[in-house]
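Chains as they are written, first to last, in my numbering: chain S, 1 to 158; chain L, 1001 to 1076.
Keep in mind that the hints are not guaranteed to be accurate.
What the hints assert, rightly or not - Below, simulated BS3-like cross-link-like pairs (lysine-lysine); rule was C-alpha separation at most 27 Å, straight line:
| no. | chain 1 | residue 1 | chain 2 | residue 2 |
| --- | --- | --- | --- | --- |
| 1 | S | 114 | L | 1026 |
| 2 | L | 1044 | S | 94 |
| 3 | S | 4 | L | 1052 |
| 4 | L | 1044 | S | 16 |
| 5 | S | 4 | L | 1073 |
| 6 | L | 1069 | S | 4 |
| 7 | S | 129 | S | 109 |
| 8 | S | 94 | S | 78 |
| 9 | S | 109 | L | 1026 |
| 10 | L | 1044 | S | 72 |
| 11 | L | 1069 | L | 1024 |
| 12 | L | 1024 | S | 109 |
| 13 | L | 1024 | S | 114 |
Derived from the structure by calculation, the hints contain no laboratory data.
Note that the structure is a prediction, hence the values are computed from the model and not measured.
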Amino acid sequence: MPEKVTLVVSSGELDKALAAFNIAIGAASMGMEVSMFFTFWGLNVIKRNEGGIKSKGIMRRMLNFMNRGGSKRLHLSKFHMLGMGTWMMKRLMKDVNFPQLEELMDMAKGMGVKFIACTTTMGMMGIDKEAFIPEVDSFAGVATYLAQARDGKVNLFI
Amino acid sequence: MKADETLDCIGLYCPIPIYNTANKLKELEKGQVLEVLSDDEGIKEDMPAWCKVTGNELLGIEEEAGQYKVYVKKSE
């Protein structure tokens, strides 16, 4: 039985997402079974980059306009500076041959890392399954997380 | 040290060297030795940790002018 790792990704910021996928890929490379639970702002990491996000009602439409999400739209938690800081950090990553977030996500997927989206946040924010990348494995709630975290050797909240 | 295959991870940072090592080792037979080249100092700590968890054998780490040659024997 491989050891289990669970990561709760509650943040929708680039640096936090990079850390989460870095750990996920490391754990998968060490033969561990990894599940990533995306909740609240963390859902932005796994939203698709193309097209619009549909939702009903003025408040939810406004929220999803302001909070479009998608791996390519994430900001740094610090020094975003209207995009200039984030752009620069991506350049620095390229400079040291560090993969961009989308590449890390592909690598994680290729190693069998599971992506799970939180349905409570989806309901609250009024977004449905079609807002997400096809790599999302399942849509679930806290019981699913806890059932896996119980057996987890490493459980992190990011 | 003699190796059956060499994996070049020069210029790559964590977690790419261990990710590449994990994938490369899948191509090797049990008992074969992989040489990993790296210039990331973290490899000195990371590769022993990776070997410990995955059950592969770390044969040694050679350091020369900021570059590391790490020897991993496929045991699992």
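Checking each numbered hint in turn, tell me which of them this model violates, lowest number first.
6, 10
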